[in-house]
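Visitor: One-letter residues, chain by chain:
Protein chains: 2
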Amino acid sequence: MIHSILREKSAQFFLMYSNSVNFYYATKFKTHDPAIYLIGEDGTELIVVSEMEKKRVEEESKVKEIASFEDLGYKEKLRELKDSKRAFSEMVVELLKTHKAKKVLIPHELPAFLAVSLSENFEIEVIENPFIKIRAIKRGDEIEKIREVCNALIDVFDKTVKNFKFKSCEEVRNFIELNLFERGYLAEDTIVSTGKQTAIPHHRGHGKIEEHLVIDVFPRSREHLYYSDFTRTVFLEKNQELEDMYKAVVEAQERAISMIKDGVNARDVHTEVKQVLEDFGYKTTKTEGFIHSTGHGIGLEIHEEPRISDCDIELKSGMVFTVEPGLYYKDIGGVRVEDVVVVRKNGCEVLTNYEKFIRL
Amino acid sequence: MIHSILREKSAQFFLMYSNSVNFYYATKFKTHDPAIYLIGEDGTELIVVSEMEKKRVEEESKVKEIASFEDLGYKEKLRELKDSKRAFSEMVVELLKTHKAKKVLIPHELPAFLAVSLSENFEIEVIENPFIKIRAIKRGDEIEKIREVCNALIDVFDKTVKNFKFKSCEEVRNFIELNLFERGYLAEDTIVSTGKQTAIPHHRGHGKIEEHLVIDVFPRSREHLYYSDFTRTVFLEKNQELEDMYKAVVEAQERAISMIKDGVNARDVHTEVKQVLEDFGYKTTKTEGFIHSTGHGIGLEIHEEPRISDCDIELKSGMVFTVEPGLYYKDIGGVRVEDVVVVRKNGCEVLTNYEKFIRL
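Line order of the protein sequences matches chains A and B.
Using the numbering used here, read the first sequence as starting at 27 and increasing by one per residue.
Using the numbering used here, read the second sequence as starting at 27 and increasing by one per residue.
Hints should not be assumed to be uniformly reliable.
Just so you know, same-sequence chains aren't split out, so a pair can sit in one copy or run between any two.
As the list claims (entries may be wrong) - In silico PhoX-like pairs for lysine-lysine, Cα to Cα no more than 20 Å straight-line:
1. 356 x 81
2. 222 x 80
3. 80 x 309
4. 273 x 382
5. 312 x 222
6. 81 x 222
No wet-lab data here; the hints were simulated from the structure.
Note that the structure is a prediction, hence the values are computed from the model and not measured.
Same shape as in the complex, but just chain A:
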């Protein structure tokens, strides 16, 4: 795919930096430190890391060629320029010149210091990282990894609501996060919000539990780094207004799920959700009612392609994303339901099967 983009855009190279999960997806090498991955139409497939990381790349990555910054003269440049970013950029520019680059494609997320340096030496074109589209359609092994996280999440959620004896949002959050961690999953900023807090979709929540809770958990595997994402609104006391809202979002979600299959336009799914909620008499404006999109892809990132919103995107088999309608009213509070689905040829598979209506 990269090679056909290079040909189409008459470019010789595509250059990535280690500041995004695309780098890990493409190279299988996990790092928090600067690193470069270069793909060339001449068959180049080169990873550049610090000298001390070379052996780890050999062990972990499948990239053909490995060079170190030291091999490419970084230290000498640093001594001369006394500026690590300039030294790094000049090293990359020289590497590309050695390979006779004229036009270089760079992804949206490449850091500015490199982008600007490259633009001074080559023709550049900023493109969406092709690995984003590749990542949107999961391979079978990726779906199994996400399924594994979903299963652990459902187990822990079930343990949380059975024999529920928590008094505060913090206690619920700690219980969920600790139980997931013990099983090898990291959930952070888990939303356990109550009362009027729930009117703010991303409010983490705190304090004494009131009539209802919005519990939104999005753990990732600590081993393979794939995410899951799941929300239920649970009721502790009767509140007709909130319960009616929740019935509407569950209905909207089920209608959405029933229409998801290979070839469907994501925009139509989002439109259907809005239509159901409007039919129930709720608003779908930007400030009140249903105020966010219907869902987002999950994988190595918690928010990735495809987005299920007001944009045209053809859903394809193997896409994995959330379906999560919600309703939010400042004076009443909020409700949301969220599941993860995989698109299949004739429908979709729900990876987070769990009861929607829960009374504690």
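Assemble chain B onto chain A, guided by the hints.
Guide: Chain B in isolation, oriented as in the chain A frame:
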């Protein structure tokens, strides 16, 4: 500080994006989603987020002005351009034009898609994010946060080596990470390596424990996000060669720590470490012996300013960094010792006080 840089460079604005901890440090607003922070010489101090995040910004951030993408016409642009990155860039360009910007400063880490768009509409200059230098010198409350993480780390490490009954590297790693998580700290990729694995400094380690272990733990608080970082080499069986190497790194570390104080050049600290190790007969080349730098700042990132290496950096009171000499030989294995220090006027304070020589 930002304003004096703007004046010095005759620029009207400094623009940040939410893709670095500098954004969180500057705004106190935590997010994984796109957001903009704009500082202007005209007194502008504006955060731009999605509509649904506005209320959370109001609650969490101290930034004066808040606008949403919707307020600035993002949705209309997206409908017209059908490209979220282009719509976003055009929104930012229009915002800056409304503010009569001519020259805009952008940090190294700004994403390329924004950097290139800005460069087509304004004079731009890529600079080191000024918050990196501001962050290098910790305020008192930041030092206390790091101290808190160091204390928890030392407690857990002590619990790990007392009554040591583990058979594999994985068991040690799980014990440490789970105990830290229970206390509110997240340690990932903790290094517990043994045998020849230890010759690779960042090797995570696996399998049956052999004669010695390198245990390198770098947790961060799950609440305030500050890091600590700590390493000990521990011996289970006699190995004279490795023990001699470890004595040398401990000596090098202690000599380095004894010279750290306000005003000292970081390069001199690094040179001293190399000298001690060379005096002991070890190599300080790029491939064998002491192959990395002496240390790195810690704070909201695990690797930040100041770097204790071959570069001139004047150490200042309040800087917090690691001192971590190590020796690595492919055919023997590796050893490392690491502590966190705070620079003071007349010396430095060690935040991770713990026995250096540990026999299990």
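Visitor: Next, verify each hint and record whether it holds.
Guide: Checked hints:
no.: 1; hint: 356 x 81; verdict: between (55 Å within a copy, 11 Å between copies)
no.: 2; hint: 222 x 80; verdict: between (52 Å within a copy, 16 Å between copies)
no.: 3; hint: 80 x 309; verdict: between (56 Å within a copy, 19 Å between copies)
no.: 4; hint: 273 x 382; verdict: within (9 Å within a copy, 61 Å between copies)
no.: 5; hint: 312 x 222; verdict: within (18 Å within a copy, 58 Å between copies)
no.: 6; hint: 81 x 222; verdict: between (53 Å within a copy, 12 Å between copies)
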